[in-house]
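Visitor: Sequence:
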Amino acid sequence: MAANAPRWKQIHDDLRARIAAGEFHAGFPGELQLAAEYEVSRGTMRQALRPLRESGVLTANRGKRPHLLTTSPSAYGAIYSLFEVISRSGLEPLSDILAQEITTDAQAADRLALPADARLFHLARTRRAGGKPVAVDHVWLPAALGEPLMSADFTREAVYHVLAETANVRIDGGFEDVSAVLAGPDEAHLLGCATGEALLRFERLGTSGGQPVEFRTGVLLGTELSITHRF
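Numbering (full-length UniProt numbering), first residue to last: 1 to 231.
No incorrect hints appear here.
Using 25 angstroms as the maximum straight-line C-alpha spacing, the simulated SDA-like pairs for lysine to any residue come out as follows:
{"no.": "1", "residue 1": "Lys-132", "residue 2": "Phe-202"}
{"no.": "2", "residue 1": "Lys-9", "residue 2": "Tyr-38"}
{"no.": "3", "residue 1": "Lys-9", "residue 2": "Arg-53"}
{"no.": "4", "residue 1": "Lys-9", "residue 2": "Glu-31"}
Honestly, the hints are just simulated from the structure, not real lab data.
Kindly generate the complete structure, drawing on both the sequences and the hints.
Guide: Given below as structure tokens:
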């Protein structure tokens with residue numbers, strides 16, 4: 001733990017390491033128990049646990065003991081979440097919502113193995129890390145899964161977390177293609193970079209139980225973000 005980091009951040013990082021090591025496989029301790037173990041106030045402990053809850057590592061209902069959703073280095077198994085990547089870097093993940101709608105898109109429907117006119121949930125965002133724009137992405141889900149997400153506040157929530165909480169759906173497979181591209185005028189405007197600047201473009205198909213449930217595309221600004229994915 002970094003000695004110059006705030007106490008809550010030191011505890012958060014230590015808990016992350018213990019979770020990754022599988023220490024809490026049998027059950028995650030309660031807030032009061034952890035506060036006593038780390039010899040801090042309940043408020044400090046709650047602050048340390050908050051990023052774990054927001055990134056989907058822990059889930060808890062009021063008055064109940066937190067439940068560890070996974071002991072994987074990523075809260076979402078083999079797949080990484082940009083929300084989680086930013087949180088684990090110590091920066092605040094925020095999103096500007098560009099679109100949150102039920103609509104149709106023939107390309108996305110095709111990738112999800114649905115008819116071209118199938119109704120889809122579409123979420124478009126500019127992703128920020130500590131206030132700086134780092135990515136723009138578009139998420140497409142079948143409407144049956146996405147309609148309950150229409151009321152979600154994705155300015156501060158991870159799609160995978162909300163999907164698991166509202167629909168009990170977790171991405172357990174799929175693939176992602178990554179390629180180098182140059183920023184067009186629209187991307188440059190949203191990311192605050194120069195037109196023609198190098199970006200990383202990604203296209204992801206996520207599956208659950210062998211069925212396609214998520215099609216995602218986007219671009220990452222490499223000058224502001226790097227991702228190391230353990231698997």
